[in-house]
Each structure stands twice: as C-alpha cells, then as structure tokens.
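Novice: Sequence:
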Amino acid sequence: MEDLQNKLAVLEEESLKLQEMHEQVSKTFENQKVDKEESDERSVYVGNVDYQTKPKELQEHFQACGTILRVTILCDKYTGHPKGFAYLEFMEKSGVINALELNESIFKGRPLKVMSKRTNMPGLSARGRRRVIARRRSRRRGRRPNFTYSPYQY
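Using my numbering, the first residue of the sequence shown is number 1, and each one after it goes up by one.
Note that these hints are calculated values from the structure, not bench results. Note that the structure is a prediction, hence the values are computed from the model and not measured. Glycine is no exception: its CB is placed at the ideal position from the N, C-alpha and C atoms. Watch out, some of these pointers could steer you wrong.
[As the list claims (entries may be wrong)] Pairs of lysine-lysine residues, derived as DSBU-like cross-links and limited to a Cα-Cα distance of at most 30 Å, are as follows: (1) Lys93 - Lys54; (2) Lys113 - Lys36; (3) Lys17 - Lys36; (4) Lys83 - Lys56; (5) Lys108 - Lys93; (6) Lys36 - Lys77; (7) Lys117 - Lys36.
[To be verified] Here are the simulated distance ranges between beta carbons: (8) Gln24 - Met91: 26 to 36 Å; (9) Met91 - Leu8: 45 to 55 Å; (10) Ile106 - Lys56: 16 to 26 Å; (11) Gly123 - Lys93: 20 to 30 Å.
All chains should be built: construct the whole structure from the sequences, respecting the hints.
Specialist: Spelled out as structure tokens, the structure:
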C-alpha cells in the first residue's frame with residue numbers, strides 16, 4: 001500500500017513539473033510572437049533590388065535612415081539565386097519612416113520600391129483565395145451545337 005502511495009506522489013510531482021514546463025513554453029511563444037510583430041514594425045520591404053547586390057551595399061544606401069540591425073536578401077531555395085527583394089530591420093521605428101522617403105530612389109540603375117513590411121498572417125496564402133482559371137476558346141469541331149429545337153425539321 002505504501003509503495004502505491006509513493007508512486008502516486010511521484011506521478012503527481014511529475015504532473016506539476018509538466019504543467020510548469022507547458023506554461024513556460026506558452027509564455028515564450030507569446031513573447032516570440034510579440035517580438036516578431038515588433039520587429040516587423042521596425043522593418044521595410046525593398047523591391048526591385050539588383051540581383052548582384054550584397055547586403056553591405058544595401059546597408060550603405062539606407063544608412064542615412066537610421067541604425068540597421070539586419071539586412072536580408074531572399075534567395076530561391078533550390079537555385080540559390082536572389083529573388084530581387086530584401087528586408088531591412090532598423091533599431092527604431094523612425095528608421096522606417098526615413099526609409100519610406102527613399103521609395104523610387106535609384107540604386108544600381110534601378111528604382112527601388114520601399115514599403116513597410118507587412119506581418120505574415122498564417123492562412124492567408126494563395127491556397128485560400130479563389131483563383132480564376134482561364135478557359136481556352138476552341139472551335140468545338142465535331143460537336144453538335146446545343147439547340148433547344150431541331151434546325152432540320154425532323
């Protein structure tokens with residue numbers, strides 16, 4: 001009997017530890033979500049970036065806007081070639097406002113498109129939207145027309 005009570009006490013302790021661990025994990029996820037939203041508010045999207053551009057060059061172009069924490073030039077995961085756009089994260093939100101003023105500025109012979117970074121919302125991908133499928137027009141040879149009456153007077 002005492003052996004069962006000891007095992008029950010051990011199981012209750014483990015249950016409490018698991019609950020504490022679950023609470024800690026949920027708190028860290030909430031903190032990460034808040035941190036991500038905050039970093040998105042301090043970030044800008046830069047489009048029409050030349051494919052030969054290095055992060056250091058983009059940082060030099062935007063250094064007058066404020067302190068830049070991170071420059072991310074996205075690349076295709078299969079080929080490794082740049083996709084032609086980048087994200088810049090600033091230390092303060094004022095850097096975003098200053099960077100937006102560089103919209104349509106010329107960088108390596110191309111006009112940059114600078115916009116505030118939008119927060120990615122899960123579930124709002126192209127899969128959820130209705131797509132219109134274009135139909136090919138054909139002459140429909142070999143098919144009879146869809147008449148409601150017989151044109152041949154049978």
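Novice: Evaluate each hint against the coordinates.
Specialist: For each hint, the structure was consulted:
no., hint, result
1, Lys93 - Lys54, "24 Å, holds"
2, Lys113 - Lys36, "23 Å, holds"
3, Lys17 - Lys36, "29 Å, holds"
4, Lys83 - Lys56, "17 Å, holds"
5, Lys108 - Lys93, "26 Å, holds"
6, Lys36 - Lys77, "23 Å, holds"
7, Lys117 - Lys36, "11 Å, holds"
8, Gln24 - Met91: 26 to 36 Å, "29 Å, holds"
9, Met91 - Leu8: 45 to 55 Å, "54 Å, holds"
10, Ile106 - Lys56: 16 to 26 Å, "18 Å, holds"
11, Gly123 - Lys93: 20 to 30 Å, "27 Å, holds"
Figure legend: structure checked against the earlier numbered hints; every hint is met.
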